[in-house]
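Asks: Residue numbers (the working numbering), protein chains in the order written: chain A, 2 to 239; chain B, 132 to 224.
These are calculated hints, taken from the structure and not from any lab test.
The C-beta atom is built at its ideal place from N, Cα and C for all residues, glycine as well.
Chain B is faced by these chain A residues, among others (derived, beta-carbon under 8 Å):
(1) ALA3
(2) VAL15
(3) LEU17
(4) GLY18
(5) SER39
(6) ALA40
(7) ALA41
(8) PHE44
(9) ALA48
(10) PRO49
(11) ALA50
(12) ALA52
(13) ARG53
(14) ARG67
(15) VAL218
(16) ARG221
Chain residues, written in single-letter form:
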Amino acid sequence: MAYVCVRGVRHHVVDLGRELPGAPADPVVMLHGLLTGSAASWFFTVAPALARTRRVRLPDWRGHGRSERTPTGYGTAALAADLSDLTTDLPPFALVGHSYGAAVAVRFALTRPGRVTRLALVDPPFQPVGAADLGRVFTAATPLGERAAALVGETSLLADLAAEPAVTAADLAALDGLPTLAVAGSDSPFRPALDLVGRALPGARRHVLTGGHDLHVTARARLTPLLTTFLEETECPR
Amino acid sequence: MTRVLDEVVAMLVEVVGEDFLLDLEVGPDTTFNDDLALESIEFVALAEKLQLRYGPAIDFAAFIADMDLDQILAMSVGDLVAHIESRLSPAAV
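With the hints as constraints, model all of the structure from the sequences given.
Replies: Here it is as structure tokens:
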């Protein structure tokens with residue numbers, strides 16, 4: 002699969018890896034963050050290692066990577082609906098999300114409970130974040146580029162973000178029983194999200210890695226084994 | 132290495148467009164990041180084209196799985212062509 006039209010939008014999706022004979026493994030779908038993110042975020046970092054033993058799917062969200070840019074539809078509910086249609090051919094899968102991708106992952110797991118076998122949240126943005134914090138995430142060192150600038154200037158993305166209900170402890174608590182891993186950067190403005198996860202889901206595994214928001218890049222060597230180990234655990238969901 | 136090199140360059144043109152590469156002489160020493168300023172998602176699209184053209188044997192994901200990010204960023208066209216050729220059976224070249 003390379004390009005697929007779902008919900009009237011042309012999406013780019015990257016498929017990697019294959020299941021090893023005699024070693025069944027759930028596929029894993031990896032979701033990128035907004036603006037500077039794309040399937041490449043995972044493709045050049047953690048995905049190749051995971052793809053050694055399982056199928057890995059990396060969608061480009063609408064407006065990102067090589068997917069079509071639409072004027073609207075960037076809220077988590079809309080992206081979760083896109084994701085649902087982008088994964089109809091997969092059996093239940095593990096879901097890994099970075100940044101806003103983690104917020105979509107939570108929305109997806111809440112609304113399609115039978116579809117997700119494990120949930121990994123990488124620096125999830127689960128609390129209101131001020132402009133100064135966003136400035137720390139999107140620094141001058143990571144220029145947005147034309148694609149992201151068009152998203153900011155020509156679509157409802159920022160308005161959709163502003164209208165987005167925050168992920169609450171009640172949302173997370175409703176996921177009780179779903180094996181969950183949450184990882185935050187020691188210097189990330191989103192680090193407090195880990196406390197929220199801990200309160201709502203005491204059974205979740207939680208880790209702080211040295212680094213900022215883009216842990217898949219700056220802490221790749223530590224994040225990769227964390228995710229691999231988490232995906233290979235075999236305990237039954239409670 | 133001429134044939135695979137020619138094919139890789141042709142796929143690059145498909146990904147980024149001919150206009151973009153007009154002023155550049157792409158050869159084995161051309162690097163994807165510094166010389167071509169290839170966006171990471173364009174590199175992904177190139178990898179997908181390679182997989183379609185040469186099949187699963189070239190396994191681009193496995194090729195980069197053990198590289199650190201600096202190595203990936205420093206990759207040249209020649210590095211990629213050498214990898215492809217090492218994975219192709221003699222009959223396929």
